[in-house]
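One line per chain: the protein sequences are F and P, in this order.
Here the first sequence stands for residues 44 to 430, numbered as in the working numbering.
Here the second sequence stands for residues -2 to 447, numbered as in the working numbering.
In case anyone wonders, no lab produced these hints; they're calculated from the structure.
Here a beta-carbon is modelled for each residue, glycine too, at the ideal position from N, C-alpha and C.
Where hints are given, some of them may not hold.
[Stated by the list, open to error] Restricting the straight-line Cα-Cα distance to at most 25 Å, the calculated cross-link-like pairs of lysine-lysine (PhoX-like) are: (1) K420/F <-> K83/P; (2) K419/F <-> K308/P; (3) K395/P <-> K382/P; (4) K83/P <-> K308/P; (5) K278/P <-> K5/P; (6) K420/F <-> K357/P; (7) K348/P <-> K60/F; (8) K420/F <-> K382/P; (9) K104/P <-> K348/P; (10) K368/F <-> K83/P.
[Claimed, not checked] One-sided excerpt, in silico: chain F residues whose CB lies under 7 Å from chain P: (11) T85; (12) I91; (13) D93; (14) H94; (15) I95; (16) D96; (17) M97; (18) H168; (19) N171; (20) G416; (21) I418; (22) K419.
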Amino acid sequence: MKALRDAIDKIKPQFEKGGKLSYLQSTFDAFETFLFVPNKTTKIGSHIRDHIDMKRTMSVVVIAIIPALLFGMWNVGYQYNLSHGEAASLWDNFLFGFIKVFPIIVVSYGVGLGIEFIFAQFRGHEVNEGFLVSGMLIPLIVPPDTPLWMVALATAFAVVIGKEVFGGTGMNILNPALTARAFLFFAYPSDMSGDKVWIAEKADAYSGATPLGNLLTNQPFDTLPSASDMFWGFIPGSVGETSTFLILVGALILMITGIGSWRIMLSVFLGGFGLAALFNLIGPYVAPDNAYMALPAYYHLIMGGFAFGAVFMATDPVSASQTNKGKWIYGILIGVMAVLIRVLNPAYPEGMMLAILFMNVFAPLIDHYVVEGNIKKRMKRAKLATA
Amino acid sequence: MSKTITIKQGLNINLQGEAEKIIAEVEAGHYAIKPIDFHGVFPKMLIHEGDKVKAGTQIFYDKYRDNIKFSSPVSGTVKEIRRGAKRALLEVSIEADTEQSFVDFGKADPNTLKREAIIEKMLQSGVWPVIRQRPYTVIADPKDDPKAIFISGFDSAPLGVDFDLIVHGQGETFQAGINALKKLTSGIIHLNLPAGDANSKVFTNSKNVQINFFKGPHPAGNVGTQINKIDPINKGEIVWFLRPQEVITIGRLFLEGRFNAERIIALTGSEVKSPKYYKTKLGASIAEIIRNNITQSNVRYISGNALTGRKIDKNGFIGFYDAQITVLPEGNYFEFFGWALPGFGKFSFSKSFPTFLNGKNKKYRLDTNLHGGERAFVMTGEMEKVFPFDIYPMQLIKSIIVDDIDAMEQLGIYEVDEEDFALVEYIDTSKTDIQEIVRRGIDMMRKEMS
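So here's chain F without its partners, still in its complex pose (with noise of 0.2 Å):
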């Protein structure tokens, strides 16, 4: 390695202050950086400094994610072979997904850390990490046919809009991979939506309905898949949702590590979980004839991007609740939104993405009641002690 860290240094006087290629300079200062964890030593404060850094945090939320990657590519030949009626191996049906999904990852990656890179150099900031999981999330999250410009013209929506024009990230509102879904699902429903989309090339004559597709126009329950196969995730629908078992070795791994919040992950299992089997109850009294009502409530945890959501949505610590108490409520009421969604609004198949967006936008209020409990907590002591 002595080698390629003489060469980066014989170039590094370019890119720095003065130098010919100065203007590339958070460029630069990100490869190396990717190569090298800098020479930085502690200047002031603590001499010591924990070996985790954004680097690592984000790249362990990646390795998380690899296993529902995997799968959905997998499960994208899959379905194509299913519908046309063909057996395939299963090195055949991974490389048909790999073939569809793989460029969709490579244009998410590459328009968003171009734009990143762009708002770097021109702020004179290192470039953040956080696009990393964001642009490994987004093609996830979109049906597996989904034309590539579409992706692209999504990624740079969430990224400018989403991310930059609040400061990039850490600074955002809104979770940047679930605003280029929402731009998708808004801009572009016909390709978003139905029963056409969600296998890749399929055949006319099947029936390529998500679960949760079948349920919205009220067909009896036996049409749906078994919930094994929706736990494992043998059924149609975006790329990276359908197992919720992988989704939740991922979630396993970060809560293991730390990285991601287990309570959030948990409360909005609790809160959808809870909701449904309240419907459960009350269905036959209140509405007889929406036979959602009576769904078994752990279904919605296994259908759909309910898994997904809580597990990697929610959990983005940028747009969620930051204080622990804030994050059960938070994550409760992301849960409770999403079955009410699905359940009760006939306008939407799925209410995940809508539930956190919505939640996102909430999470500071949240917080600020949280924090505000704090302050008055401290201010009756104070009153206790001067009377």
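Knowing the structure of chain F, use the given hints to seat chain P on it.
Positioned in the frame of chain F, the structure of chain P alone reads:
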């Protein structure tokens, strides 16, 4: 009534190079008082280079509070009055005589003295600055009547010193110091000790104090944590605090009638060949202490511990309130793919490195590398895990960054100082210099309230 308080949030950082429990004698030769150790003090000199001083001779006072004076810890010749940018006084160094002579302040029993007489003796001898106050962590104001005085009898910081060893055999002077302090407050003197340990008899037999026990990881031994758990500071309230050796210094003033600045300090850190304790005096030069005892040259010398200490050079002096020198390897190296490799052997509070599988007792050789670039705050809920106060740390830090005085007050700035945020700074993923921010907030607040 003694009670046991358990701290859940925190982190013990196990470093290599803990001081062996033996005390060596060393003649440091040079000693210095550094105004930088005293927040908010603006020094006015009373002596010149070349002057002869005795131990206890006043050498400067504070321009803003002229009754607060600082004395020479040894007798000798004023060698250098070193100034830095804008003529700020950096240090007054004194070359010690071989035979020590002391200014005589007269022996007295603090039990029979009045409050004013005790204060006067401490001010004149230059002993007073050992007492500091919260909020703001500045030298106490003799006019105040603190609601309590806190003494932390243990050090939970990385490679923290063993006060049981340091105070051994000092029961009488320690008690005399406590008796003097007792006259200074209408409240309680809290002496806080670790739960479950066999604590020194000097502590457990002392009178006029309330003994409390603390259990749990660092920062359980920080006085800020202890105040917050026992008698938190509300707006307008004042608490004084000292460390055990400083109580002994006060005790000696009354029993011996002189400013006896003897200190036992620990030389610690992974780069020290044989880490142990040394008997020396306040403000000693470290040159003699570290001689032939350091393993390599690319090191950082720190007066104090690895989390809160101050960097000094190899001929530098130990800080006024420090009882420890830490020597750590400098981290000025590049590490290929350091963030991506598994990182066996890299200590981290987060479990994103497999090192946590080593268990809690493994000792690490940590260096001064920042281990990453500075970023915006992204992670949340991390700081709370090492911050045992009933305070929202990130919200408080943000209120300081935006200079929001009202929010700082509401969020509890009176209860904290930078030391309390040292662990928060250590674990922070965004590599923000949090202690500096907190100190800036405290200084801002003090200015606002004066």
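### Supplied contact hint for M97/F, tested at 7 Å Cβ to chain P
Result: holds, 5 Å to nearest chain P Cβ.
### Query
Per the CB criterion, is N171/F less than 7 Å away from chain P?
Constraint on N171/F satisfied, holds at 6 Å.
### Query
Is the Cα-Cα distance between K420/F and K382/P 25 Å or less?
holds (21 Å)
### Hint validity - K419/F Cβ closer than 7 Å to any chain P Cβ
violated (9 Å)
### Query
Given the proposed pairing of K348/P with K60/F, does the C-alpha separation stay at or below 25 Å?
violated (38 Å)
### Task
Hold the hint about T85/F up to the distance rule: shortest CB distance to chain P must be less than 7 Å.
holds (5 Å)
### Query
K420/F and K83/P: Cα distance at most 25 Å?
Not OK: K420/F and K83/P at ~45 Å, beyond 25 Å, violated.
### Task
Assess, step by step, whether the Cα of K368/F is no farther than 25 Å from the Cα of K83/P, and give holds or violated.
Since the Cα atoms of K368/F and K83/P sit roughly 48 Å apart, the hinted pair is violated (cutoff 25 Å).
### Message
For K420/F and K357/P, compute the direct alpha-carbon distance and say whether it is at most 25 Å.
### Response
Violated: K420/F and K357/P sit about 35 Å apart, past 25 Å.
### Query
Can we keep the H168/F interface hint, with Cβ of chain P closer than 7 Å?
Hint violated; H168/F Cβ to chain P Cβ min 9 Å, cut 7 Å.
### Query
Is the shortest C-beta separation between I418/F and chain P less than 7 Å?
holds (4 Å)
### Query
Straight-line Cα separation of K419/F and K308/P no greater than 25 Å?
violated (40 Å)
Checked against the numbered hints given earlier, this structure breaks hints 1, 2, 5, 6, 7, 9, 10, 18, 20, 22; the rest are met.
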